[in-house]
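Peer 1: Residues per chain, in single letters:
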Amino acid sequence: MGNCMGIRNFCDRPKNTNVRWRLPAVCFVWQLSMIILFGVFDVHVMIFVGFGFLMTFLKRYSFGAVGFNFLIAAFGIQWALLMQGWFHSLDYTDGKIKIGVENLINADFCVAGCLIAYGAVLGKVSPVQLLVMTLFGITLFAVEEYIILNVLHAKDAGGSMVIHTFGAYYGLSISWVLYRPNLDKSKHLNGSVYQSDVFAMIGTLFLWMFWPSFNSAIADHGDGQHRAAINTYLALASTVLTTVAISSLFEKTGKLDMVHIQNSTLAGGVAVGTAAEFMLSPYGSLIVGFFCGIISTMGYIHFSPFLEEKLKIQDTCGIHNLHAMPGVIGGIVGAISAAAATNTVYGDLGLENTFDFTGPFAKRVPTIQGGYQAAGLCVALCFAIGGGIFVGLVLKLPIWGDPADENCFDDEIYWEVPEDEESVPPIVAYNNHMIPNKHQKEMNM
Amino acid sequence: MGNCMGIRNFCDRPKNTNVRWRLPAVCFVWQLSMIILFGVFDVHVMIFVGFGFLMTFLKRYSFGAVGFNFLIAAFGIQWALLMQGWFHSLDYTDGKIKIGVENLINADFCVAGCLIAYGAVLGKVSPVQLLVMTLFGITLFAVEEYIILNVLHAKDAGGSMVIHTFGAYYGLSISWVLYRPNLDKSKHLNGSVYQSDVFAMIGTLFLWMFWPSFNSAIADHGDGQHRAAINTYLALASTVLTTVAISSLFEKTGKLDMVHIQNSTLAGGVAVGTAAEFMLSPYGSLIVGFFCGIISTMGYIHFSPFLEEKLKIQDTCGIHNLHAMPGVIGGIVGAISAAAATNTVYGDLGLENTFDFTGPFAKRVPTIQGGYQAAGLCVALCFAIGGGIFVGLVLKLPIWGDPADENCFDDEIYWEVPEDEESVPPIVAYNNHMIPNKHQKEMNM
Amino acid sequence: MGNCMGIRNFCDRPKNTNVRWRLPAVCFVWQLSMIILFGVFDVHVMIFVGFGFLMTFLKRYSFGAVGFNFLIAAFGIQWALLMQGWFHSLDYTDGKIKIGVENLINADFCVAGCLIAYGAVLGKVSPVQLLVMTLFGITLFAVEEYIILNVLHAKDAGGSMVIHTFGAYYGLSISWVLYRPNLDKSKHLNGSVYQSDVFAMIGTLFLWMFWPSFNSAIADHGDGQHRAAINTYLALASTVLTTVAISSLFEKTGKLDMVHIQNSTLAGGVAVGTAAEFMLSPYGSLIVGFFCGIISTMGYIHFSPFLEEKLKIQDTCGIHNLHAMPGVIGGIVGAISAAAATNTVYGDLGLENTFDFTGPFAKRVPTIQGGYQAAGLCVALCFAIGGGIFVGLVLKLPIWGDPADENCFDDEIYWEVPEDEESVPPIVAYNNHMIPNKHQKEMNM
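Protein chains in written order, with full-length UniProt numbering: chain V, 1 to 445; chain A, 1 to 445; chain E, 1 to 445.
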């Protein structure tokens, strides 16, 4: 594009002044693309390391957490690139699919929804089911995203509605359909050990650190992007403190619970997603983070058991507390702050830029925009719950090789798991005979 | 937007001279802000993953290391943003606090000092004490930084004086006041296990890799920034080799000690901090790294025990070897290399840019600057030791819930720690009954 | 440079138009340097965290994997900076070595070759041997790179030939010369445990995520750089799926093998290295990734044992499957896609830019270029095998302190390894007396 511009100027101007237009244009285009190029890797880190390790907290399901997360993401981004291509060709009536770096980011975003959903069924489904779940998930995501962002023209920079609300309720609905009454049979594995909790913190921290770039990655003008980064940063910071406070408050003797630190500390980033690029102001972000830390942690303490007992929804990672509730809050905050937007705060151009009141939407005013934001939230919920129930029924078919109730949360079922002899001193291990494991097989088969 | 630009200057030719100024300006401003925006995430990684995991080496204090590091940082950056705001309003007599991305970096820098201090008291204080320590630490930091950088106009790109010297002696002074004569009671936990040493290496490597961006993050002109990155890179590289050499030299049978590799390999980055943006020249950086590797490793072998026995300073992570000594060396190197700076090496403009000999400081010459650098080092030491002793006395009050001597270095005190059954084969674990742990509680309470 | 340009313009032009040239120039230069500056850190992550943790899969060699990887890299980048300096002075007849950020990236690239080679001899050599291996490896690398890229003028953006083919066959040749017939004596340690496999996944994921920036780091014009990133991204994505498919297909009961997921999922990035910046088209990249996933995984299942039994090559990490075969494939793909390049696909300028058909190479046509690409592959193989055998013979000398056959894959030999008592409840550990370990020594010597 820098090229064709350069060429255009080339024709209609004397040679020596060309650079005046071409050079800045190249700088500009490159700058934009580099922003995106680095953005995509940051987001990449969240998808592969962040989500992957966040789910390693289970004592014997770390391979499944990291490995299947890897599989879902690698398949999902490819499928997402195709879906996007088709939907964009709807816009521009251009049959060919072009892949730019922007598409890679969007692909990561699509995948995020499915990885969130994975959290609800972690340890209870087979890799085949996960692939099916991802296939439908990406497809549903592409449609709801298209409706929310293009048709309703709602804004959702950080994807509180499009990604988190959708992904979470999609997963929870599937988990509801796949309810296992006898899951207690494998309850001895449905918990963490010391090391696995430390591994999970790797996921937490990488998600926490890069969340600002996630929320600001697609906010495409400088101001909006900085606002998004800063608002997210502040919301996340305040969430950490309230999470620690509530966790300590409700545990006996004020001890902290690692599961809260691993998850609820991220809730602020989810909730500030939609409104991130709006003028939320620092204290607005801090307040959002403050309450989400409370709600999310309380969710783990009181609401997860209720979901399990009463609503028959088994939510392995507690995504309802980390993504579902904060996502909905984010959608509502977005709708309110959009409806409350005024020229005095944004300035005429600011309002126009932030909400893109241009072209067919030139006549929109903030209050109306607020309504469309709310409508967007409903669309996300409908697609999530409807789609989730449908996919859940598909996954109920007895052909997918899912584990028995007593084998849930166990890597042994889908992975070659090496013998554990961590604590056996090498010399002893050397003396006693043991089944050669995979690496040895390679060496001496 | 690249588009509309092409279109704009295409159609209305008269207005075309506007873009000549506006467009490059936008490129320029964005470029700067993106540099900072990415800088902040790199620094983020050091603060949350780097410092957090570096302290996980203790066998039963990984939750405390990563978790409390997370808590301190999340609280600290918020408090730091406020402190900065107030201090900048001192400069510009502007009552309102504006938060830009630059502030986020500076906030990370403030926090770094407190996380360094945490290393000295790791495992021996309560989270409440840590928060108090952070509150005062950030405040002291803001004042000493203001005096050193703004009043004395000393340069300290990588914060050898402002961050490392201050943070280390602040923590050591606190540890000295909180001296525990009977700490041996929990000495069985004051050591590492195999896995915890590997976790600590995650911290080491992320600190090592991003140190060049840490030292160059606030060096704000292209040349200085590249110099800072390259000098740091070289200093760190040479430190690794000397650390390995000394570690092997002083251990029986030439074995390497993981604690040296985890820590001393970073000393070069600390020591080159102040002088990073000066014309230190590659071999200058290599020499600084070379000696710091030696001094830091020797410190672990000979000086830490001495600190413990004679000076009654218990330094859990050995920050005296990683931050205190290298920080002071860095300050001295900075003072000397500033005093030795000449027009022939920097060029007239170079000298002016590097040391900002402008405005009120227009008349300064390198020799004088060297003096002010030395003064800056003294200021850092005074604030650190004075402030540390005061805060230490505050923390001695019996109201903060700190652990008993026999419970130090133990996550059990402040965390819900899951049962460890790593090495018990799942089938056994399945047969015997165990206390349901946190995740199970959620599932069946 | 932006500076001197500014100054030049300053003299020979009326004042008001200065900025027109200087400001865009500064933007432009800075943009380029920032691209590189961030590129270098991304690549850094692969070198230190990626390669380091990828090799931690062995149950008792994690210290050696991360620690020696760290040592090799830190020494290697320094030696590489010197080698580069000398070779570039060959070009410009300029005696002085200047270090720019570009050099840091190239240094990381040189080191990558040696780290790949380390994978073949992991656990079987002493740190001294590793340093010797690195010294020669970097030297050989610098020569073969100079011949391939500057003399033959072959293109190799991602280093399929220059880095992977060379590094892998260099390591395999050394391993062949150092063949240990009685390696079975330490076979009890030549395998993984649960935690070590999870640690290895940290390496895998960081390599996987940043591979696109690795392959695009030195592709220096915007278009080529984006193509390189996108092609690599797609190749990697498809590799993951085929790896999972083959791994499940050949394991009994369709279980997945962690060693395949850890390694073969990266093969696509290796194979697409040379052709990454060419117009491979999305499906071209997907196809390359598809077949490399199959070949690499099959290699682990069938070829590694064959190498061990018949060819007497003991390849600890299976680099033959991850780097050697995919590297050669990459070289061939590069040669073919270069020979097949046409103006219709690239456009006149595109062809010229992509292959740098300028200066002495102005007359080259794609078919000829294809020939030179193939020649480049041969050069890489000759240097690797020839150099490897020579270095292997040097390392066979009985002066390097390498481990006995029964002590291979054991950190105990070169590291102070802490007692493991992970699974002993603290209270027990507290009652029984134990040998004070390193940290305790510090506390009470």
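Any given hint might turn out to be false.
A pair counts as met if it fits within one copy or between any two copies, since identical chains are not told apart.
[As the list claims (entries may be wrong)] The calculated lysine to aspartate or glutamate pairs, modelled on EDC-like cross-linking and capped at a C-alpha distance of 16 angstroms, are:
hint, residue 1, residue 2
1, Lys310, Glu251
2, Lys187, Glu102
3, Lys252, Glu412
4, Lys185, Asp405
5, Lys187, Glu419
6, Lys312, Glu412
7, Lys187, Glu309
8, Lys363, Glu352
9, Lys98, Asp223
10, Lys310, Glu419
11, Lys185, Glu102
12, Lys255, Glu412
13, Lys187, Asp405
14, Lys312, Asp184
15, Lys187, Asp223
16, Lys185, Glu406
17, Lys363, Glu102
18, Lys310, Asp223
19, Lys252, Glu352
20, Lys187, Glu308
21, Lys252, Asp405
22, Lys396, Glu419
Don't read these hints as lab results, they were simulated from the structure.
Peer 1: If a hint holds in the structure, say so; if it does not, say that too.
Peer 2: Verification of the supplied hints:
no.	hint	in the structure
1	Lys310 with Glu251	neither (23 angstroms within a copy, 41 angstroms between copies)
2	Lys187 with Glu102	neither (43 angstroms within a copy, 48 angstroms between copies)
3	Lys252 with Glu412	between (35 angstroms within a copy, 13 angstroms between copies)
4	Lys185 with Asp405	within (6 angstroms within a copy, 41 angstroms between copies)
5	Lys187 with Glu419	between (22 angstroms within a copy, 14 angstroms between copies)
6	Lys312 with Glu412	neither (26 angstroms within a copy, 33 angstroms between copies)
7	Lys187 with Glu309	within (15 angstroms within a copy, 45 angstroms between copies)
8	Lys363 with Glu352	within (10 angstroms within a copy, 49 angstroms between copies)
9	Lys98 with Asp223	between (28 angstroms within a copy, 14 angstroms between copies)
10	Lys310 with Glu419	neither (39 angstroms within a copy, 28 angstroms between copies)
11	Lys185 with Glu102	neither (46 angstroms within a copy, 53 angstroms between copies)
12	Lys255 with Glu412	between (33 angstroms within a copy, 9 angstroms between copies)
13	Lys187 with Asp405	within (9 angstroms within a copy, 36 angstroms between copies)
14	Lys312 with Asp184	within (13 angstroms within a copy, 51 angstroms between copies)
15	Lys187 with Asp223	neither (49 angstroms within a copy, 53 angstroms between copies)
16	Lys185 with Glu406	within (5 angstroms within a copy, 39 angstroms between copies)
17	Lys363 with Glu102	neither (28 angstroms within a copy, 37 angstroms between copies)
18	Lys310 with Asp223	neither (46 angstroms within a copy, 56 angstroms between copies)
19	Lys252 with Glu352	neither (52 angstroms within a copy, 61 angstroms between copies)
20	Lys187 with Glu308	within (13 angstroms within a copy, 43 angstroms between copies)
21	Lys252 with Asp405	neither (31 angstroms within a copy, 22 angstroms between copies)
22	Lys396 with Glu419	neither (33 angstroms within a copy, 34 angstroms between copies)
Violated hints for the displayed structure, listed by number in ascending order: 1, 2, 6, 10, 11, 15, 17, 18, 19, 21 and 22.
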